[in-house]
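2 protein chains.
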Amino acid sequence: MSAALPGRRLRPHVKAHKTTALAWLQAARGHTGFTCATVREVEGMAAAGLGTDLLLANEVLDARRLGAVAEAGACVTLAVDSEQTVEAAAAGGVREVVVDVEVGLPRCGCDPADAGRMADLARSKGLEVRGVMGYEGRVMLVEDPEDRLAQTRTAMELLMAAHADVGGELVSAGGTGTYRENTWATEVQAGSYALMDTAYTAAGLPFEQALTVLARVVSTSPKGWAVADLGLKSLGMDHGNPTVPGGLVWFCSDEHTTFSPLDGESFAVGDLVRALPAHVDPTVALHERMHLIDGDDVVETWPVDLRGW
Amino acid sequence: MSAALPGRRLRPHVKAHKTTALAWLQAARGHTGFTCATVREVEGMAAAGLGTDLLLANEVLDARRLGAVAEAGACVTLAVDSEQTVEAAAAGGVREVVVDVEVGLPRCGCDPADAGRMADLARSKGLEVRGVMGYEGRVMLVEDPEDRLAQTRTAMELLMAAHADVGGELVSAGGTGTYRENTWATEVQAGSYALMDTAYTAAGLPFEQALTVLARVVSTSPKGWAVADLGLKSLGMDHGNPTVPGGLVWFCSDEHTTFSPLDGESFAVGDLVRALPAHVDPTVALHERMHLIDGDDVVETWPVDLRGW
Numbered sequence: 000m001s002a003a004l005p006g007r008r009l010r011p012h013v014k015a016h017k018t019t020a021l022a023w024l025q026a027a028r029g030h031t032g033f034t035c036a037t038v039r040e041v042e043g044m045a046a047a048g049l050g051t052d053l054l055l056a057n058e059v060l061d062a063r064r065l066g067a068v069a070e071a072g073a074c075v076t077l078a079v080d081s082e083q084t085v086e087a088a089a090a091g092g093v094r095e096v097v098v099d100v101e102v103g104l105p106r107c108g109c110d111p112a113d114a115g116r117m118a119d120l121a122r123s124k125g126l127e128v129r130g131v132m133g134y135e136g137r138v139m140l141v142e143d144p145e146d147r148l149a150q151t152r153t154a155m156e157l158l159m160a161a162h163a164d165v166g167g168e169l170v171s172a173g174g175t176g177t178y179r180e181n182t183w184a185t186e187v188q189a190g191s192y193a194l195m196d197t198a199y200t201a202a203g204l205p206f207e208q209a210l211t212v213l214a215r216v217v218s219t220s221p222k223g224w225a226v227a228d229l230g231l232k233s234l235g236m237d238h239g240n241p242t243v244p245g246g247l248v249w250f251c252s253d254e255h256t257t258f259s260p261l262d263g264e265s266f267a268v269g270d271l272v273r274a275l276p277a278h279v280d281p282t283v284a285l286h287e288r289m290h291l292i293d294g295d296d297v298v299e300t301w302p303v304d305l306r307g308w
Numbered sequence: 000m001s002a003a004l005p006g007r008r009l010r011p012h013v014k015a016h017k018t019t020a021l022a023w024l025q026a027a028r029g030h031t032g033f034t035c036a037t038v039r040e041v042e043g044m045a046a047a048g049l050g051t052d053l054l055l056a057n058e059v060l061d062a063r064r065l066g067a068v069a070e071a072g073a074c075v076t077l078a079v080d081s082e083q084t085v086e087a088a089a090a091g092g093v094r095e096v097v098v099d100v101e102v103g104l105p106r107c108g109c110d111p112a113d114a115g116r117m118a119d120l121a122r123s124k125g126l127e128v129r130g131v132m133g134y135e136g137r138v139m140l141v142e143d144p145e146d147r148l149a150q151t152r153t154a155m156e157l158l159m160a161a162h163a164d165v166g167g168e169l170v171s172a173g174g175t176g177t178y179r180e181n182t183w184a185t186e187v188q189a190g191s192y193a194l195m196d197t198a199y200t201a202a203g204l205p206f207e208q209a210l211t212v213l214a215r216v217v218s219t220s221p222k223g224w225a226v227a228d229l230g231l232k233s234l235g236m237d238h239g240n241p242t243v244p245g246g247l248v249w250f251c252s253d254e255h256t257t258f259s260p261l262d263g264e265s266f267a268v269g270d271l272v273r274a275l276p277a278h279v280d281p282t283v284a285l286h287e288r289m290h291l292i293d294g295d296d297v298v299e300t301w302p303v304d305l306r307g308w
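Quick note, the sequences are listed as chains A and B, same order. Just so we're aligned: 26 in numbering that gives the first Met the number 0 is position 27 of the first sequence, and the numbers increase by one with no gaps anywhere. Just so we're aligned: 276 in numbering that gives the first Met the number 0 is position 277 of the second sequence, and the numbers increase by one with no gaps anywhere.
Only chain A is shown next, with the shape it has when bound in the complex:
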């Protein structure tokens, strides 16, 4: 990713890994501006010495904790998309904002035609408007590259029109799924590339899924199934069940996954399995630490220190 989007062209999203040790590796490659999804992520990044340029790509109605981080010396930029969020930014002591524009994903962001008014309002409150952001989230998993490009263009034309009304140097957009197509953005908010997700892997991106959850087989049945000690509480389940290599997953309980061996495979009590979660982001949020491994050796252990809100 650093080769494709060097330096500030990439604003890594820390929500994908919630780990300042990994963010430091990204910063060491020249990506010194970061995207955050929560106030806690902003606080934690600043506390870890990574506060050069933190964008909270999300709306808040109470910006006081962010103002305190800015007051302590970090650069904090906040997304705004309404009068209320502009007022919250100013009242909370945040100094810099971007106007969040809705470009086809039904989530946050003002109407593109309303972006200039938001910028004017923000400036009238003494805020510096650094530009715009917009997330073409619906495009991320479009498999056909031409279709992906066409849909990215449609979204980014909306964002560029808003940018013309707003001004500022930033056009912050994109993600792992569109990092090649989105040439409109001045910076791409990609996060998943670092650990990757099964769904993105299926979409033909040149990154590998790096994150597994290590579990142990704690029980086997003469009726043919095995049970590993990972479950709902250690896996992001919104995309469904995890994959157990060599096994067919039947179901997950709070602390268990029941599966049967595929043809030619067998599992014994005590065996370790490396399960692939169906969705990496929420899986990371459930764990206190990640172990960086080289084969079977643990090279480093990283606290997942940006969890919570």
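Hints listed in this document are in silico derivations from the structure and should not be mistaken for laboratory results. Being a predicted model, the structure only gives us computed values, none of them experimental. Yeah, the Cβ is synthetic: ideal placement off N, Cα and C, and Gly gets one too.
Example chain B residues on the side facing chain A (calculated, C-beta under 10 Å, incomplete):
(1) Ala-36
(2) Thr-37
(3) Asn-57
(4) Val-59
(5) Glu-82
(6) Ala-87
(7) Leu-104
(8) Gly-108
(9) Gly-136
(10) Trp-224
(11) Gly-235
(12) Asp-253
(13) His-278
(14) His-286
Let chain A serve as the given structure and place chain B on it in line with the hints.
Here is chain B on its own, set in the frame of chain A:
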């Protein structure tokens, strides 16, 4: 629940709330034996002064942390279902076990016919065998009471046969869904009743869902949707999307839920919503604290102190 299953007839399962402050309220009603799903839950309960009788209703291959808790003075009983788990219990310094018997749920538990052999093996290693446990998990959400009773009987006849071979005073089984039907168990491992789940509520049980996730509307669109600041990372998603009262939920992202107002409802930026998670247990595991409320007043704040492993 205390009226139906007084004192030691109920062994509350702490996995459902992971909160020692709530466990203390259960203990104050006479339920001084508890069920745990993880080693961390056992450690945390003992550290909180609730170590009178802790059952880890789960298999482990390394029981040393449990042995340390027992050595420090708590009563720790561990489920075993294989030679390896018996050996792990003995090697780890655990002194008391129950034989976990598979009674129809494809998960842990030995074959009922094998339970006596497990007990003999455990006793040969110097372990005290307190009895049996078995979980009729497949019966929990059976809606028809007669069918639920019939299926509970089928499962418990297997467990009672195993108990005859194993000995000991405990027959530990059941859950919130079968607390009325399971008259075979000497103690019922119910946990969900304390906070309840949407699915159990639908099954006609006389407990109310107590847990909501408080969120704020951070954005609204002229196109009709609203966005609240709770998402995949604050909700157990294995049972699907949360319910937002007055709204139709479209989808959840990491930190957002997009929904549209139902007829006659409207939502404005800044509004608070109390979302009902589709599954309470894994939702609790995502949060650092719970606020006990009376209307809009926060009466107490409880750390969710049994998270992790």
